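Enquirer: Use these hints to put chain B onto chain A, whose structure you have.
Residue numbers (this note's numbering), protein chains in the order written: chain A, 1 to 573; chain B, 1 to 208.
Rather than coming from a laboratory, the hints here were simulated on the basis of the structure.
Just so you know, not all the hints are guaranteed correct.
On the chain B side, residues computed to face chain A include the following (Cβ under 7 Å) [claimed, not checked]: (1) Val61; (2) Tyr130; (3) His134; (4) Ala137; (5) Met138.
Note that the coordinates shown come from a computational prediction; the quantities given were computed from them, not determined experimentally.
The beta carbon of each residue, even a glycine, is placed where N, CA and C say it ideally should be.
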Amino acid sequence: MSAPTRPAATSAAPVDVAVVVATAPAGDVPAALARLDDGAVLARLVGQLTRLGVRRAIVFTRPEWERDVQAALGSAAEIRTPGSPVDELRAIAELARTTAGPMLFTYADIVTHESALEGLITDPKANTGILAGGRRRHVAFRVQARRGRVIAAATPYHTVRRHNATFLGVLRVAPTELPMLADAADRLAKLVADVPAAWQDELTRKGTRWRLLMGRGGPFDGDAEGDDFAAPDDSEDPENTGGSAGALSPEHEELLANRLAAAPLDTVALLLLGLVRANAPIQPVYLRRLFWSRPLSPAAAARTQSRIAALDEDRLLLDSAVKSSDGFFTTFFVSPYSRYLARWAARRGLTPNQITLASLVIGILAAAAFAVGERWGLVVGAVLLQVAFTTDCVDGQLARYTRQFSKFGAWLDSILDRAKEYLVFAGLAIGADRVGDPVWLLACSALVLQVVRHTSDFSHAFVQRSGTGMVRQPPLEQPLDHLGAASGERRVALDPRRRSLAARILKLWSRLDDVRIVRWLKRMAAFPIGERFAVISITAALFTPRVTFITLLAWGGFAVAYTQSGRILRALR
Amino acid sequence: MSAAADDLPRGFREDGPPARALARLLGPRIPLPGPALALVGALPLLAVAAVGGADVSLPVVAAVLAWAVVAESAAGGRPDRKGVWIEPPLVRLTEYVAYVWLAALEGSHALPSAFALIAALAFHNYDMAYRLRHQGAMPPAWLSMPGWEGRVAIAFVLLAAGALPAGFYVAAGVLGVVFVVEATRSWIVAGRGAEADPHADEQEVDEP
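Okay, chain A solo, but in the shape it has when bound (with noise of 0.2 Å):
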C-alpha cells in the first residue's frame, strides 16, 4: 500500500477540455496578449494548461482579435469568437453537454505559478473546484467557503456578504456537475441576454467601490504579496470607508476602466455562480504561497513580469505544504526545519507512508527508552519522541509537496499519531514502576481525557458539518448571497442592542484574533498535538513521569472547559 492510491480518473486525461476565454480588454487590445519575458500571457497560461495534461484547450475571444490572438498560439488552441457573452454561455453550455471527461474554465489573463494550477487540476480530491486566495485580493470576485465548501460567489452582478476568500478565476468541473453547469449557463444566457435592473445596480455599485478602493491606493494586479489569512477585514463598504472618490492616478483610471469593460464579459465569474445557487459541491483549492496576478493594463504586466521574475517557485510550494492551522510549537519549533527533511525524502523518492511507519518505529523506540525508567531512559525518550513528531510533520508536508494524497495515508498517519501517544504513556508508566513510583491510575486518566476530548472533537465538527453541507440558496436573479426571507432575521442579528449575551462575547472573542499573541495563546489553550509531545518531552527528561501526567491531566482538563465553553456559546447564540 506504499503507492498513493489514485482515483481512476486521472488514467484518463485530467481535464478534457480547457475553456479559456480571452475577451477581457486592456485598453483595445485583449489584456491575454500582454507581453511577458516568455512570450504573451494567453500563450504561457495554454502552455501551462498543456503540460499538466489538458486534452484540448479552446480559446473564446472576440472576432476582432482573433488574427493576434492565432498568431499568439499557433496551433496551440482551437480559437472560437462568439461575438457576445449571450453567444458564449450558450457555446459552453453545448460544450459542457457534449464533453464526457471533466471541464475547465479559465481567464486567459492570468499570471500564476504552474504548480498551482497542477493543485486544482490533478489534485483527486478537487473533482469540481476552484483556485482559491485570501481574501485581500482585490481584482478577484468574492467568495464564502465554509468547511471546505464554496456556498457563495461574487460576479459583476452578484455579491457575497461574509466573504472569507476569492476566486482566482480558474474553475474545474467533474464530469457528474456537467449537466448542472450547461443547465446553468443557458438559464444565464438568458439572463445576460437581457440583463435585470438589480444586477445593472449591483454593477453600478461594484464600480463606486472599486474607484474607492483605487483612491485608497493598493495592489490592483490581483497580487497580494501572500495571503494574510488572519488579516483583519478590511472594511470595503463604501459606506464605511470614508474615504472620497478622488481624482485616481491615470494608471488607476486605466486599471479601473479596463476592469469595467472586463466586467459584463466575465462569463467563468458567472458559470461559478450558477453551481454554487444550484448547490453544486465545490471544494476551493488554495493558492497559499504561491503567485497569482491579473495583469489588466501594460504597466501591471510589467510589474507581474518583475515579481514573478523574483520568486522561487519550489521554495513556495514548500513553504505551501506547512499546514496553516498547526499549533504554536509544530509552527514555531518544528515546521521551519521539517519542510527542508520533507524536500529531502521527496527528492530521495521517499513516499509519505514510508515516513509515517518510521515515525512509527522511532515512536517505539521512545517508548520502550521511557519504560527503563531511569534518568538516561527518559533524556533518551524525550528525545527520540520529539524525532518521532518531526518525522510525523514530514509525512504531510511531503505528501502536500509532492501531491501524494491518498486517503489510506491520511487515514493511517491519523491512527498511528494516537498510537504513538499511548505507547509512550504506557512507556513512562512501565518505567515508573521499575523505579518504584506507580503512576498507572494517573496514565489511565490521561489516557482516558485524551480519547474522551477527541471523541468530543469529532461528534461535535461532524453534527456541524451535517448542518452545513446543504445551504438554501437563492436563485440566480438574485444578487444577494442569501434568501429574502432570512434578510429580516439577518437586520436584527446586526442589530447590537438586539444580539444575545452569547453573541456578544463570541463578537469580542473574535475580535481578540486581530491580536497576534492572543490568536497563538488560543491555539495553545486547546493543547493540540505539538504542545503536548512538547510537554511530555520537556517534563520526563527534567522530572518524573508522575510530573508528566499530572501537567497531560492539568492542561488537558483545562483545554476541554475552554473549548466546550465556546461550543455551548456557539450553540446558545
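Expert: Frame of chain A, contents of chain B only:
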C-alpha cells in the same frame, strides 16, 4: 438534514441492543434534555471513582453502573436533537472510567490491564471517526457488539468472578487483534477500487 446523517453521532455511542431498547422505552418519557440526562447518568460514577471508591461492595458497584447505563441509554432516545454531540464523549467517559474503577477495586496491580483494555477500545473509537472521514463509511456495526453497556456488564462480571486482571488482558488482546485485522482488511478492499466519496476526507482546514 437526512435521517442517516442525523443518526451518526448516535453511531459513535456504540449502543448495543439493550441500550437501544432502553432508549426507545425511557427516552420519550423522561422530560430532561438529552445532554443533561447523560450527565446525570455519568455523575455518580465519576464522583465515586474520583474519591477513590476502593472499599465499595459489589451490589453498590452494580447499582452505580446500572444507573449510568440506564440514564445514558435513555438520553439516546430523547427526541430533542439539541446538543446531541455531547452524548458520544460522555458515553466514552462513562465506559472508560468504569473500567479504571473496576480495575482499581481489584487492586492497583490490575490498573495496567485497564490501560490495555482502554487502549484497544480506543483504537476502534478512532477508527470509527477516521474511517468515516477518509473512507466515507463507518466500520461494520458487528465490531461494536455487544455495545458499550454490554462491555461494561462483562467487565463487572469479570470483577465479580475474580477474573481480573487476566480477563482485561485477554479482552484487550482479542479485541486489539480483531480491530486491527478488520481495519487492514477494509483498506485492502478499498484500495482495490471501491470509489470513496471524494468529499468525505475534507480536513478541518483553518483556511480564510
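Enquirer: Against this structure, judge whether each hint is valid.
Expert: Right, here's what the structure says about each hint:
Using the Cβ-Cβ criterion of 7 Å, the hint placing Val61(B) at the interface with chain A is not satisfied: the shortest such distance is roughly 17 Å. Restraint check, Tyr130(B) versus chain A: the minimum CB separation of about 5 Å is within 7 Å; hint holds. A distance limit of 7 Å between C-beta atoms decides the matter here; for His134(B) the minimum to chain A is near 4 Å, and the interface restraint holds. A hinted interface residue such as Ala137(B) counts as satisfied when its beta carbon comes closer than 7 Å to some beta carbon of chain A; here the least separation is about 11 Å, so the hint is violated.
Among the interface hints, the one on Met138(B) is violated; its C-beta lies about 11 Å from the nearest C-beta in chain A, farther than the 7 Å criterion.
This entry does not satisfy hints 1, 4, 5, going by the numbered hints stated previously.
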